[in-house]
Amino acid sequence: MHKLSNRVRIAIFILLGIAIYFLSGAVDELRVYQGATVAVYVVGIASIILLTGYSGQVSLGQGALLGVGGYAAALMRIHYNAPVWICFAVAILVAAAAGALLGLAAARLSGPYLAGTTLALAVGLPSIANQFAVLGGEQGLLFDVGFPPLSFGEEFTQYKWFFWIASLATLIAIFWLQNVMRSRYGRSWKAVRGNDVAAELAGINLTRNKTLAFTLSAGLAGLSGALLAMTIGTVSPSAFPLALSFSLLTGAVLSGVTTLGGVMIGAVTLVAIPDIAGAVASRFGSSEAVTNNLPGLLVSTLLILTVLFVPNGPVEQMRARREHRVKK
Amino acid sequence: MIQLLNTILIGLTSGAIYALMAMAIVLVWRSTRVINFAQAGLALASTYIGYQVFQIVDNYWIALFVAMAAGAALSAFIEIAFMRLLLKHTSSGPIASVAPIIATLGLLGIVKAIITMIWGGQDAVIKPPLSNTGFSLGSSTLVFSPMKLAIITSVAVLVLIFSLFFQKTNIGLALRASAYAPEIARLAGVKVDLVRTLGWALSGAAGAVAGLLLTSNGNGSFSPESMEFSLLLISGFIAAVIGGLDSLVGAVLGGVVLGLVTSFVLMYISGSLFFIAPFVVLLLVLFIRPQGIIGVKAGRRA
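In order, the protein sequence lines correspond to chains E and G.
First residue of the first sequence? That's 1 in my numbering, and the numbers climb one at a time after it.
First residue of the second sequence? That's 1001 in my numbering, and the numbers climb one at a time after it.
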């Protein structure tokens, strides 16, 4: 893996931020909103890449952790009227705590057992919201980050404000995650994923390692959930369905689950597919039932094709091909 | 007293359905070492095919039989056209252990999307063949109805047929042999690939019956979005894990245990724990006895 120096990376991230800033001024409202959604997905997908790609654990219940983050942020906002960034910080911490608990359990499970357990959690957890009145039941809670500051001018729209917050949070999160993955923790996760017995013999504590991965991943998921809650304005059980967990996993596979490099690919695909499907369906004059389900069909088909033919994702595939050519 | 009896009987009925689903999951696990997360989707598809047949012939039992055949065919087709390719492509590499899980989830998405495209608009109802009003016991009425009795009986008969098939026939022996040690079975002349397909087909049939009986356990109506079908997959998986994931007897026992536990929790603790109770059962089993109640070797590493 080519390693850029820290200073270059910081420069790249700042440049990205500036590019996003100008981009947000150049496109219309819908695109800005979609941009915010992409940012939400990027963080969510990154949390799965960290968990599945790096530490080799599968979670089908990431949506539930997003839910934990979303609810934590909303509760902070409603009961303590906390500033937005504190809401996000609390969302990360609470979700990470939940993830640590889950991770302790998960470290004892592997493969299909872990997948089934997290799936059961994803189905079970949303019903908790109906159990306690403070969580607002089926309607859920409002999560209102407030209007953009007046100093940005009259023209500055609410969606653009969402987009800015989401993009900034995402850039910081991804930068941090890159650092983690290049640290000794990242290397030991890779070792565990490659061969857990050998890693254990080399002195890596498997349980602590896997639990740490789960905790950090859950923190990212919590941030993603809080951002999601911000863009839709509410948190409710139906905002974090099983389908969300599956979408994030799909996005992670499309991005290439073993590297962070392609994380945008999956997020953009997830956001773009409904538009593409809509265009295709109206082109062929399909019925409503077909139109509504075309996105699901396309995403699932893409998922299967990716697993079959580019199991490590497009970015890794291209890199492998390039290295192959160089060797010749 | 009546309440206790009701709780047990309801638990046994839903337990019987979970048991079938668990058998379906175990059959696939034994033949290919894959948990088929699309299992509930296949069950739903078979149920819809049964519904289509029911519209034409208006006979529940014929519909059930056709649904079974369709489930078997569908499942076998997926094994041949898809799982073989998958296991060949992703047998190594960093995501080898994750790939089958993700792939069957993709399959679930495809199956569900297609079902909704075909049948999504209408609310499907398969009228249960028997009455769902409970038997009366003395002066009071039980929740247990002729339909529930029929469900338990059908499952018991099916389990009996399956176990006779596995224990007494040569094909059953081949199935057990290739689950136990595929390489040795191959050397002994068993056509392991064919046997795997057969395992998937049987699983599809069991899942189809589970799906159809599940709708008849309620008022007979269902839709692609039915929560029951998501729960069916999870209950089946949990029941299979309780039973050790490798044994058909264990799957049946696991289904009954899970049915009884959830029924007691609902009746005596709180109805709103319906979704979280199975999860707690699963965690308890995985921590206390990960090899399942009748498993012999450590199963969770698998």
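Hints are computed from structural coordinates only; laboratory data are not their basis.
Bear in mind the structure is a predicted one, so any value in this text is a computation, not a measurement.
Possibly wrong hints are sitting among the right ones.
[Claimed, not checked] To give an idea of the chain G side of the interface with chain E (calculated C-beta under 7 Å), a few residues:
| hint | residue |
| --- | --- |
| 1 | 1097 |
| 2 | 1101 |
| 3 | 1116 |
| 4 | 1138 |
| 5 | 1139 |
| 6 | 1142 |
| 7 | 1146 |
| 8 | 1162 |
| 9 | 1237 |
| 10 | 1269 |
| 11 | 1282 |
[To be verified] Selected chain E positions facing chain G (Cβ under 7 Å, derived; list incomplete):
| hint | residue |
| --- | --- |
| 12 | 58 |
| 13 | 115 |
| 14 | 117 |
| 15 | 135 |
| 16 | 286 |
| 17 | 291 |
| 18 | 300 |
| 19 | 304 |
| 20 | 310 |
| 21 | 311 |
| 22 | 315 |
Yeah, the Cβ is synthetic: ideal placement off N, Cα and C, and Gly gets one too.
Against the structure, the hints:
no.: 1; hint: 1097; result: 5 Å, holds
no.: 2; hint: 1101; result: 5 Å, holds
no.: 3; hint: 1116; result: 5 Å, holds
no.: 4; hint: 1138; result: 37 Å, violated
no.: 5; hint: 1139; result: 36 Å, violated
no.: 6; hint: 1142; result: 28 Å, violated
no.: 7; hint: 1146; result: 31 Å, violated
no.: 8; hint: 1162; result: 22 Å, violated
no.: 9; hint: 1237; result: 5 Å, holds
no.: 10; hint: 1269; result: 12 Å, violated
no.: 11; hint: 1282; result: 6 Å, holds
no.: 12; hint: 58; result: 5 Å, holds
no.: 13; hint: 115; result: 5 Å, holds
no.: 14; hint: 117; result: 6 Å, holds
no.: 15; hint: 135; result: 12 Å, violated
no.: 16; hint: 286; result: 9 Å, violated
no.: 17; hint: 291; result: 9 Å, violated
no.: 18; hint: 300; result: 3 Å, holds
no.: 19; hint: 304; result: 4 Å, holds
no.: 20; hint: 310; result: 10 Å, violated
no.: 21; hint: 311; result: 5 Å, holds
no.: 22; hint: 315; result: 14 Å, violated
Hint violations for this structure: numbers 4, 5, 6, 7, 8, 10, 15, 16, 17, 20, 22, all remaining hints satisfied.
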